[in-house]
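**Q** Here are the chains, one letter per residue:
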Amino acid sequence: MIDLTVIWACIIGFAIIAYVVMDGFDLGIGILFPFFKVGKDRDTAMNSIAPVWDGNETWLVMGVGGLFAAFPLAYAIILPALYAPMIAMLLGLVFRGVAFEFRWRDPAHRAFWDKAFTAGSVVATFAQGVALGALLQGITVEGRSYAGGWWEWLSPFSLLTGVGLLVGYALLGACWLNWKTEGGLQRQTVTYAGRLGIGLLVMIGVISLATLRLETQYYQRWLNFPGVLATAQVPLATLIVTIFFYRSLRLKRDAQPFFWALILFGLCLIGLGVSIWPDVVPARVTIWEAAAPVRSQLFMLVGASIMVPVILTYTAWSYWVFRGKVGVEGYH
Amino acid sequence: MDAIILARAQFAFTVSFHFLFPAFSIGLASYLAVLEALWLRTGKGVYANLFRYWLKIFAVVFAMGVVSGIVMSYQFGTNWSVFSDKAGPVIGPLMAYEVLTAFFLEAGFLGVMLFGIKKVGRKLHFLATLAVALGTFISAFWILSVNSWMQTPVGYEVAANGQFLPGPSWLTIIFNPSFPYRLFHTVLAAYLTTAFIVGAVGGWHLLKDRTNPGARKMFSMAMWMAAIVAPVQIFAGDMHGLNTLEHQPVKVMAMEGHFQSHPHGAPLILFGIPNSAEQRVDYAVEIPKASSLILKHELEAPLQGLDTVPRADQPPVGIVFWAFRVMVGIGFAMLGIGLLSLIARWRKTLYDWPLLHRFAVLMGPSGLIAVLAGWIVTEVGRQPFTIYGLLRTTQSASPLDAPAVASSLLAFVAVYFTVFGMGIWYLLNLMKKPPEAHEAPPSDAPIRSAGITPAPAIIEGASA
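In order, the protein sequences belong to chains A and B. Just so we're on the same page, the numbering used here is the position in the first sequence counted from 1, plus 562. Just so we're on the same page, the numbering used here is the position in the second sequence counted from 1, plus 290.
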């Protein structure tokens, strides 16, 4: 018998991966934005994501909407628990989302909207990282609802994951611009990518070690024999991918560093999965406890199995339309 | 103030602000599709210019709709977690379908619609415009189905833990009794909202220069919409009202201000001040038996009043009563301008009648106001329940402290007024510029740094 709940956990997981893959780099460009020269460089950076950011952000709605639909109990517990970071993220997304249009509409205030773009991106990214940390460190649940206070999410660990995600998204942003731009801006982003890669590795190391101390479940999952033989592959693979990442930077590849960075992110998400599976509220509520009834899951599965491939197809088409370097004539 | 009132205020504030943008963009997306189709078919430059003129406005409206919409998908969980836990199995999948079939469609093709005409050619670009327009409609379909299910819940089972579970048929849930009426009424409202904004912009520019071809064309198109759709909308509203009378009679009692039951024909209260404490309408101006005539199509038909409903189950009458009158009043004003435009056409003075143009400018925001008023009627009229008759609002909220909800509400108010205030100002600036013969492309964004300017190419296409 196929377990629909597991399928839905995988779909939500896919939506989260898709979100990180697609929105990570455009949030990262927002984070790096103040370091780019005012004028052509900033315009190019913005233009490289203007046609796609909206679709990218839809995966965030897909993730949370899917959670609501497939695991309503988890949605009802997690969102009140992460109240402040979630509100901060939403407000951050408001600022950066409108900045795409407003900076062109109002040249007199372009400097302001550029700052709003950065501030919004930084706040949204940091809040997502904090939310992840707060979930991992465990939230107070009683019965069918969140029972902690409205500051429970705040801890050194959640701040650490917030910073970690800032570094990570900035890396993706730098790699994206290395791929999509030329000249001075590209050289600048290659330098950033090199530094941010080191930063991300440090953050991954520190956060991984700190995570082990949070719950015995995580510790046992990673370090008990013989499971450790399997789980040890994740850090090992991380090291190997890092080597390829730096090799591709050194060889001045355009697209490759971006994909290696994405794989690095993928490994982090796999690591996350190892820690929390099969919980939807880590160490508190399993996917089966939170699952919607079979009728809901089945009905949505019909839609998802038809629509997700369709969505991926036209998303890919849209990226294809805007392929190549931004700002080169031959590209049209 | 308690956390529930604050959470309600927050939802009312964020959803009202959000609703303004899709109410405009649903109609505008369709209008753009019509303009582009006319351009492709006739090759007339005026359509291409109007398309580019309104596309710039659409981009700004759409961006604000997206960011305020993402907030809504989280509001259910952050502030109404108990409702989400209980109703999630039924409404969650409908909202997931909205994401899968509408949000991705709009967002996926928006980039091509805004920036891609040079890259994909005119026909594919037109398909992208159609996809965006279709996406806005599909989005309305699902979210109104969810809303309607909360108004007229059917096809569910209640689990031992209090959750609402889907019954055997999803079609019963999706096409719940109030949904077809609400969908028709709301989508027409969105079209009218757009038509009146377009009409106001056209009227404004006709007042400045009655020879401007773009202004003439958009004014004429908008006035056709007013003349044709406003009467249809009044009819649709009446149908929706009768449907509400059947399924949510208490809401209609509040709309009508009927505190008392009227066994021999109920009066139509035109104006008055509802007094919930005393359960009567003060200073009522009424037409005897007219309400029975409208609602039951019979002068002597009995109508029950709020005296048959326990106080604890009554909605706030004043808000519903007034919002309803605002909506209906605007509806008839829309009908009026539609009729005037027909007279003007007949007298061949559509472009030469400043009074009509001024009236159109005045009516510019009327659709937005009517949409909000209608939304207030239906949502406040559903109180004190979130799921009508089944789940009380007081039992739906998240276990949050009032200070948490108060601070987030303040943050939303501050950010929305700043950001969307500026956005609306940008919109007004865009509308203030007259549509020109060589309208610049949608956004200077990707084109600006692209090294070449596709604008001439587009204009060549326009005059081809």
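Heads up, a few of these hints could be off.
Derived EDC-like pairs (lysine to aspartate or glutamate); straight-line CA-CA distance at most 20 Å [claimed, not checked]:
1) K599/A x E744/A
2) K507/B x D292/B
3) K723/B x D668/A
4) K507/B x D642/B
5) K722/B x E744/A
6) K887/A x D668/A
It is worth saying that the hints were derived from the structure and are not from the lab.
**Q** A separate judgement is required for each hint: does it hold in the structure or not?
**A** Each hint tested on the structure:
For the given pair, K599/A sits about 14 Å from E744/A by alpha-carbon distance, which is consistent with the 20 Å threshold. The suggested pairing of K507/B with D292/B is violated, with an alpha-carbon distance near 53 Å, which exceeds 20 Å. Annotation: proposed proximity of K723/B to D668/A holds, straight-line Cα distance about 14 Å (limit 20 Å). A threshold of 20 Å between alpha carbons decides the hint, and for K507/B with D642/B the separation of about 13 Å falls inside it, so the pair holds.
About 38 Å separates the Cα atoms of K722/B and E744/A, which puts this hinted pair outside 20 Å; it is violated. About 26 Å separates the Cα atoms of K887/A and D668/A, which puts this hinted pair outside 20 Å; it is violated.
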